[in-house]
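Here is how the chains run, residue by residue.
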Amino acid sequence: MSRRPYIRPVSRTAWYMTHVRYKSYMLRELTCVLVAVYCVLILSGLAALASGTQTRWDEFLASQQHLAWILFHGFALVFFTVYQSIAWFGLAPKAMPLQMGDRTVPGGLIVAAHYMLWLVLSAALFWIAGVI
Amino acid sequence: MSNRVLQLEIMRYDPEQDAEPAYRTYSVPCQEDWAILDALNYIKENLDTTLSYRWSCHMMVCGSCGMMVNGEPSLTCKVFVRDLPDRVRIEPLANFPIERDLVVVLDDVMEKMQRAQLHIIRSGEAKDPSSEHEQSPAALKKFKQYTMCINCMACYAACPQYALDPEFIGPAVLALAHRYNLDSRDQGRAQRLNLLADHDGAWNCSFVGACSEVCPKQVDPAAAIQQMKIEASVEWLKQNLLPGMPS
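Protein chains in written order, with the working numbering: chain A, 1 to 132; chain B, 1 to 247.
If you are wondering where the hints come from, they were derived from the structure by calculation, not from laboratory data. Please note: incorrect hints may appear among the correct ones.
[Stated by the list, open to error] In the BS3-like style, the derived pairs of lysine-lysine whose C-alpha atoms are separated by at most 25 Å in a straight line are:
id, chain 1, residue 1, chain 2, residue 2
1, B, Lys144, A, Lys94
2, B, Lys142, B, Lys229
3, A, Lys23, B, Lys141
4, B, Lys44, A, Lys23
5, A, Lys94, B, Lys44
6, A, Lys94, A, Lys23
7, B, Lys142, A, Lys94
8, A, Lys23, B, Lys142
[Unchecked claim] If you want the ones that stay clear, here's a sample from chain A, every Cβ over 12 Å from chain B, calculated:
id, residue
9, His19
10, Glu29
11, Leu67
All C-beta atoms, glycine included, are put in the ideal place defined by N, C-alpha and C.
Sequences and hints are given; from them, build the entire structure.
This is the structure in structure tokens:
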């Protein structure tokens, strides 16, 4: 009897279409591309500010009033920042489990600590920006 | 006990006759309390004696009966007929070569298990059979969940990274290596580090997390791998930024 193991082909370009959990993973990973776009936007704003020219800074501010940019900011907040944060905070207890003696710190507590830190840092940013 | 006729589409492959696998459908009168493994046994005993598949304990301990049930890596002794639709597709575990029908070739994972040295390593002490290495309940708790792995390889069948790059050490072996690294009786962490912190080790994992979702024993290989990445990073920082510091 001869052995002839059969190797099933795997699509290198469409593998993630085979299961809903792979699609959701790809969605999570793809948000990083849009986060990169947001970084470029912030950098261009900083460049306008650093140029020292009032006109350039005003132009940048004016460009951000465009509906497309306002939509982008809203989309960025909900889908990139909030979605990414919720996804990663949820994974934190897996990557950083805490054990004190015989007892394991509940995962929910680790996640809650992340949310608290997020809240405190956001409040600090708002305070620095003079919003609160 | 009520009976329900299930249509089981089973992937068949005979290496001596077939160029590639093909599906064959069997009508199986199932009892509602049957697991899919019972339905396979019914086929083997009553409809087609040539069907090949692995199983042993029928109680989620041996890890032999792992297969794809409707595209999901599962222990067929743990998937019940009552939870399934009338048409069920059964395939060999994904990402492994098919030996015959539902039997896959696991040589690759066996070789990786050997390479990862999945046993307690002690260095520099005489073997005394009467000596014991004490371990507190707290120390045991650090790794106990990883000892639940039964090597069913469902995690490998779910891992898209292993599908795309078979050099990847993969979820179960990494989780088991982590188990020994966390064991207070073990002294082999440094020996395993080269393999595990390499590109084919923990860093090849892109954290899809499918391994942990499909594990029939609720082991969390994805968590183990992320913890290994953190450990490897700390180790790297110590070696490169704080030379002379003991690891």
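Consistency of the hints with the structure:
Distance check on the hinted pair: lysine 144(B) and lysine 94(A) sit about 15 Å apart at the alpha-carbon level, within 25 Å; holds. Between the alpha carbons of lysine 142(B) and lysine 229(B) the distance comes to roughly 17 Å, so the proposed pair stays at or under 25 Å and holds. Using a Cα cut-off of 25 Å, the hinted pair lysine 23(A) and lysine 141(B) is violated, with the two alpha carbons roughly 34 Å apart. The hinted pair formed by lysine 44(B) and lysine 23(A) fails the criterion: a straight-line CA distance of about 37 Å is larger than 25 Å.
The suggested pairing of lysine 94(A) with lysine 44(B) is violated, with an alpha-carbon distance near 42 Å, which exceeds 25 Å. With a CA separation close to 21 Å, the supplied pair lysine 94(A) and lysine 23(A) stays within the 25 Å bound. For the suggested pair lysine 142(B) and lysine 94(A), the alpha carbons sit about 13 Å apart, so the restraint of at most 25 Å is met. Proposed proximity of lysine 23(A) and lysine 142(B) is contradicted: the alpha carbons are some 33 Å apart, above 25 Å.
With a least beta-carbon separation of about 7 Å from chain B, histidine 19(A) fails to lie farther than 12 Å from that chain, contradicting its non-interface assignment. A cut-off of 12 Å between C-beta atoms contradicts the statement that glutamate 29(A) is not in contact with chain B; the least separation is 8 Å. The beta carbon of leucine 67(A) sits about 36 Å from the closest Cβ of chain B, which is more than 12 Å, so the claim that it is off the interface holds.
Comparing the model with each numbered hint stated earlier shows that hints 3, 4, 5, 8, 9, 10 do not hold.
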